[in-house]
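In order, the protein sequences belong to chains A and B. Each residue of the first sequence is one higher than the one before, starting from 1 at the first, in our numbering. Each residue of the second sequence is one higher than the one before, starting from 1 at the first, in our numbering.
Simulated from the structure, these hints should not be mistaken for laboratory data. Any given hint could turn out to be false.
[Claimed, not checked] Below, simulated BS3-like cross-link-like pairs (lysine-lysine); rule was C-alpha separation at most 27 Å, straight line:
#1 K161(B) x K59(A)
#2 K72(A) x K98(B)
#3 K161(B) x K18(A)
#4 K3(A) x K250(A)
#5 K239(A) x K23(A)
#6 K59(A) x K127(A)
#7 K59(A) x K4(B)
#8 K23(A) x K186(A)
#9 K174(B) x K161(B)
#10 K127(A) x K66(A)
#11 K23(A) x K72(A)
#12 K161(B) x K62(A)
#13 K98(B) x K66(A)
#14 K98(B) x K120(A)
#15 K185(B) x K62(A)
#16 K8(B) x K59(A)
#17 K241(A) x K189(A)
#18 K120(A) x K3(A)
#19 K59(A) x K54(B)
#20 K232(A) x K185(B)
#21 K3(A) x K18(A)
If you want the building blocks of each chain, they are given just below.
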Amino acid sequence: MLKDKIQIENLDVYFGEKHVLTKVNMTVHEHEILSIIGPANGGKSTILRVLNRMLDNDKEAKVRGKVCIDGKNIYDERGNVNRLRKSVGIIFAIPVPLPMSIFDNLSYGPRLHGITNREKLLTIAEKCLRAASLWDEVKSRLSMSALRLSGGQQQRLCLARALTVEPEIILFDEPCSGLDPISTSKVEKTMLDLQKQYTIVLVTNNVKQAERVSDRCAFFLFGELVEIGSTKQLFKSPKDKRTKDYITGKFG
Amino acid sequence: MNPKLTQKIASLVLGSAVVITLSALVFIIFYILYHGLPLVSLEFLTNPIREMGKSGGIFPTIVSTCLLAIISIFIAAPLGIGTAVFLTEYTRENVITKIIRFTTDCLAGIPSIIFGLFGFVFFVIYLGLGWSILSGSLTLAFMMLPTIIRTSEEAIRAVPKSYQEVTYGLGGSKWQSITQIILPKAMPGILTGIILSVGRAVSETAALIFTAGISLHTPVSIFSSGRSMAVHFYTIAREGISMPMAFATAAVLIITVLMINIVSYFLMNRFLRRYA
């Protein structure tokens, strides 16, 4: 039996008057890739922002319900947001390399948590670049500005940067939406490699990508979880007609 | 009208605007340098003021000017940057931030003589600081604040929000995101504001006559009175003590302001390259 890493119970999210997620109940198993698909404005990205409490900064947003990671409710009053975010990394749709060198990008996270020893930072940088399959491409030019990398490289750099603070869960928010097919396949391959060590939640607009990489898949429509199940089964014989229409491209 | 003709007239009008502006500027600078520079010498820069300014040098006024500029910056910069950070990062847009912003804009438009009067009543008399470098610096600091606040605010707002999200995403705190990424990225813009204010402080007259005084001696502490270069220039020109000496002082003043701008321009370029 797979261990549950994330449990979401009766989750409701509002932005002001707008109800963006309604009564969501789902679990994410440890070391799986769970993909979340669905048309735009379905609350896909919102659910990622619930998981690392990024919505805290949005004064309009209200979160109701229980979200547990390793059995502990992260919305518990005593929960430490910074510690939570350290263990839940996030990769955005548009890669955001910080305007500094590749190495500085990678030491940024550890420095935030008090690691300043250069040797140690170099070890971390190399380890994470290897994990993000970027090491061979950049090892000779770590002091180059990260802004000069290509789009795909930047995205993998952001992934490596997220790994530097040793998260347990990685959230991908449409990580390949701006990338060409080759870069996309590199990022996908990296995700599959990372699965052994991390739990991955992938929000994607690309149904094929969900089918290619994820173990399980969840379909969201207008803030509701329509269906969740093993990717194979969901794509072969979806239970809900709406899911079927979406994955076969009839709408959305 | 024929579009070609319109175009011609437009470029003629705009071009002459540029020529008039530039020539006025160049004329003023050259006029002053032409009349002033011949008198500027090492002795002029290092000697005390003699005969109320008719002879001797301007050493005391250089010291006063530097002290006033440096102290006022050290007071105004932290206050101004702090306010800007607070306005941009710690509050949501609401009535209070609007009021703060409106007030700073009003402050920026107040004539310096009013600041001088305020400084005189509040620092010199009420707080009992007397005519002193400290009173002058405090008054200057208040004058600089609006510029520093507004330029810092703009600079901070120009830093992409996504950098902040990266910091949060890695488990960093708000304070860390401000000190590690926002302020370093906004620094060139913030420095521009500070440099503009230094220029204003160095050339300020009205506010300083009331607060720093017009003592002819070199200030020995922040509690001594001292006249800045601009005040010295104003005094000896106004009272007809010596026009040549006034021009020489003005020349030094102009060169100082130019130097501040040039040096900071180079510093800023280096800064930019480091963070780009």
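Margin query: For K59(A) and K127(A), compute the direct alpha-carbon distance and say whether it is at most 27 Å.
Written below: Distance ~37 Å between K59(A) and K127(A) Cα, so the pair is violated.
Item checked: Holds or violated: K98(B) to K120(A), with C-alpha atoms at most 27 Å apart -> violated (47 Å)
Next item on the list: Given the hint that K59(A) pairs with K54(B), test it: the Cα-Cα distance must not exceed 27 Å.
Entry: Between K59(A) and K54(B) the Cα gap is close to 66 Å, so the pair fails against 27 Å, i.e. violated.
Note to self: Need the status of pair K174(B), K161(B): alpha-carbon distance at most 27 Å?
What the structure shows: The hint holds at about 12 Å.
Item checked: Proposed proximity, K59(A) with K161(B) (alpha carbon, max 27 Å) -> Satisfied, since the Cα-Cα distance of roughly 16 Å is no more than 27 Å.
Margin query: Given the hinted pair K239(A) and K23(A), is their Cα-Cα distance within 27 Å?
Written below: Holds - the C-alpha atoms of K23(A) and K239(A) are around 19 Å apart, at most 27 Å.
Next item on the list: With a cut-off of 27 Å on the C-alpha distance, tell me whether K8(B) and K59(A) pass.
Entry: Not OK: K8(B) and K59(A) at ~54 Å, beyond 27 Å, violated.
Notebook entry, point to check: Between K161(B) and K62(A), is the straight-line Cα distance small enough, at 27 Å or below?
Noted result: holds (21 Å)
Checklist line | Pair hint outcome, K120(A) versus K3(A) [Cα-Cα no greater than 27 Å] | finding: Roughly 32 Å between the alpha carbons, so the hint for K120(A) and K3(A) is violated.
Check: Keeping to a limit of 27 Å between CA atoms, is the pair of K59(A) and K4(B) held or broken?
Finding: violated (55 Å)
Notebook entry, point to check: Hey, K127(A) versus K66(A), does the alpha-carbon distance stay inside 27 Å?
Noted result: violated (35 Å)
Note to self: Run the distance test for K185(B) versus K62(A): straight-line Cα separation, threshold 27 Å.
What the structure shows: Violated: K185(B) and K62(A) sit about 32 Å apart, past 27 Å.
Checked against the numbered hints above, the structure violates hints 2, 4, 6, 7, 8, 10, 13, 14, 15, 16, 17, 18, 19, 20, 21; every other hint is satisfied.
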